[in-house]
Amino acid sequence: MTADASAPEPAAPGGPGGRPKKPRRKPLTLVVVVGLVLWTWFTGRQVGFDLTTFIDLWTNPLWQKFWPIPWEWVLDRGNVIDPLIETFQIAVVATVVGCGLALPVSFAMSRLTSPNGGTYWVTRVVMNIVRAVPDLFWAKILVTAIGIGAFAGTWALSIFSLAVMVKLFSETIDGADPRPLEAARAAGGRHVPSVRAGVLPTVLPSYVAYSLYIFELNIRASIVLGLVGAGGIGRVVEAQRQYFRFGRILGILLIIFVVVFVIEQISVALRRRLV
Amino acid sequence: MTATVPPDERHEGSPAGRPERPVGPLVARAVVFVIIAGAFAWGASGLDASWARLRSAPGDGWAIFALMWPPDFATELERGVIGKVLESVYIAWIGTILGAAISLPLAFLASNNVSPSFIRLPIRQLFNAIRAVPELIVAVILIAITGLGPWAGALAIGLHSVGTLGKLSSEEIESSDRGPVEAVEACGGRWISRVRWGILPQVMPVIISYWLFRFEVNVRASAVLGMIGAGGVGAELISQLNFRNFPEVGAVLIITIAVVIFIDTISSAVRKRIIAGGAGDDQSRMAVLFGDLVGHRGG
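From first to last, the protein sequence lines are chains A and B. Each residue of the first sequence is one higher than the one before, counting from 1 in the working numbering. Each residue of the second sequence is one higher than the one before, counting from 1001 in the working numbering.
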């Protein structure tokens, strides 16, 4: 340091050469943070938040019941494999029905391609209500209405995946390039042909990608459908749980895990190519 | 064929004519159609779906909804349905908080621009493993150990959320801009400073919007968890359905729908505000979010 610079430099907060002032926190931020903390504390008490559970979890003697896995039971065709196949059949049919129906409905539910305001709002309201009902609620209601089994489960998943697909895909259509549609209309095209030629080709890749995503969702959902009597592998899990045969449940879980993992990897790889 | 020239062949090869229709896409289309139709037929064959059942199913489904009208709110309010719906919301919130708190550090450890591969790969596989098991199945096992109640549900939801949030967050971290990290490195920042000042500020808005989105998903999941005894509105729905009290079922459904839509609306407004910073339109925000959700960014 030279003697010239020995004079203490002015701190100059906010000045041109100094360190910029730290922006003040807005009072609203503070209110929101305090509110969230209080809300979390309150909900934690309501739920019975208890960290000792984590210790109990590890020391619980029930874990011993998970071992050994009775592989000869798990790998027997009738016990696990057939219900698992039923699970996939549910997921496949629900995906095809749900995504197939979703194509026209999504076009009706997008501002860009809806034929008129009435159709737009009616589909929007109906789809939002359908989507607000959780998938297993649908399954349980339809099991009550149509009878226990995979048939009711397929209906439930079809309805739910239709609603989710319509939501995802109609938003893609909203974001589509409107110019080809305008061109088709300017050339005198009627509504459906214009949409078919002007919008559909640009959004079709997303449609396929979303369909694969819905298929993954449906695989997961169809696994648990059996817990409410709607068919598939969940039925076996529920039955074994009632007899506390956790070794068998763990065996089923491992098989589910492997199969879901493989399907998801394939689906993700396909989707990555598409979009 | 008759003697008249088919219109498509009339101008074949002529410069002004219509170009020949390529065959490749047609074949591909046929193959895709056959695959989907085949899969559908295979699936439908196992579902015990006779024509008679197919014909009567929509009517039966409609009949049950007709029976729910008019909904019996008075009985349900007396049975404390509001408290049960709120319990579902509490479970979802605590589950989301657990998931967010555990997934955030793990997500950094699972990102290729932050952590070495011998840490990254096991954690990533952990995320995949967690996501492969549905939360209901996790809850089935947890209930056996912790006993019936909302805390088991919150744990199951929290565990599942760790998987999904960890995956989405680490993808966001991996796609973050390297510039700020290099700036911190150039100033001599250590690993922790690079993460705190170089990456965290960039990725936090999107990660928080994932948390909110997960909260919306978890509200539905926790409603369902009640069906197997993990607390919340699902238990009420099951018992009323089993006793065939359809007007009460209608009331439970309507209240559930109202709460779910209310939470979705608030949450998506907050997400929009976080992502777009007050400006920006709904569509681009949704495109970003769902683009990530379905893996536009890879992974």
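By construction, these hints were calculated from the structure, which means they are not laboratory data. Do not take every clue at face value.
List of simulated lysine to aspartate or glutamate pairs, EDC-like, C-alpha gap at most 20 Å [claimed, not checked]:
hint: 1; chain 1: B; residue 1: Lys1272; chain 2: B; residue 2: Glu1216
hint: 2; chain 1: A; residue 1: Lys167; chain 2: B; residue 2: Glu1078
hint: 3; chain 1: A; residue 1: Lys167; chain 2: A; residue 2: Glu216
hint: 4; chain 1: B; residue 1: Lys1272; chain 2: A; residue 2: Asp174
hint: 5; chain 1: A; residue 1: Lys65; chain 2: A; residue 2: Glu238
hint: 6; chain 1: A; residue 1: Lys167; chain 2: B; residue 2: Glu1185
hint: 7; chain 1: A; residue 1: Lys167; chain 2: A; residue 2: Asp177
Covered, in the sense of this in silico footprint (three residues per stretch, anywhere, with C-beta under 8 Å from a C-beta of chain B), are these stretches of chain A [as the list claims (entries may be wrong)]:
hint: 8; region: 20–31
hint: 9; region: 102–110
hint: 10; region: 175–186
hint: 11; region: 189–201
hint: 12; region: 246–259
Beta carbons are placed, not taken as given, at the ideal position from N, Cα and C, and that holds for glycine.
Hint check results:
| no. | hint | result |
| --- | --- | --- |
| 1 | B:Lys1272 to B:Glu1216 | holds (14 Å) |
| 2 | A:Lys167 to B:Glu1078 | violated (35 Å) |
| 3 | A:Lys167 to A:Glu216 | holds (16 Å) |
| 4 | B:Lys1272 to A:Asp174 | holds (16 Å) |
| 5 | A:Lys65 to A:Glu238 | holds (16 Å) |
| 6 | A:Lys167 to B:Glu1185 | violated (43 Å) |
| 7 | A:Lys167 to A:Asp177 | holds (18 Å) |
| 8 | 20–31 | violated (count 0) |
| 9 | 102–110 | violated (count 0) |
| 10 | 175–186 | violated (count 1) |
| 11 | 189–201 | violated (count 0) |
| 12 | 246–259 | holds (count 5) |
Of the numbered hints listed earlier, those contradicted by the structure are 2, 6, 8, 9, 10, 11.
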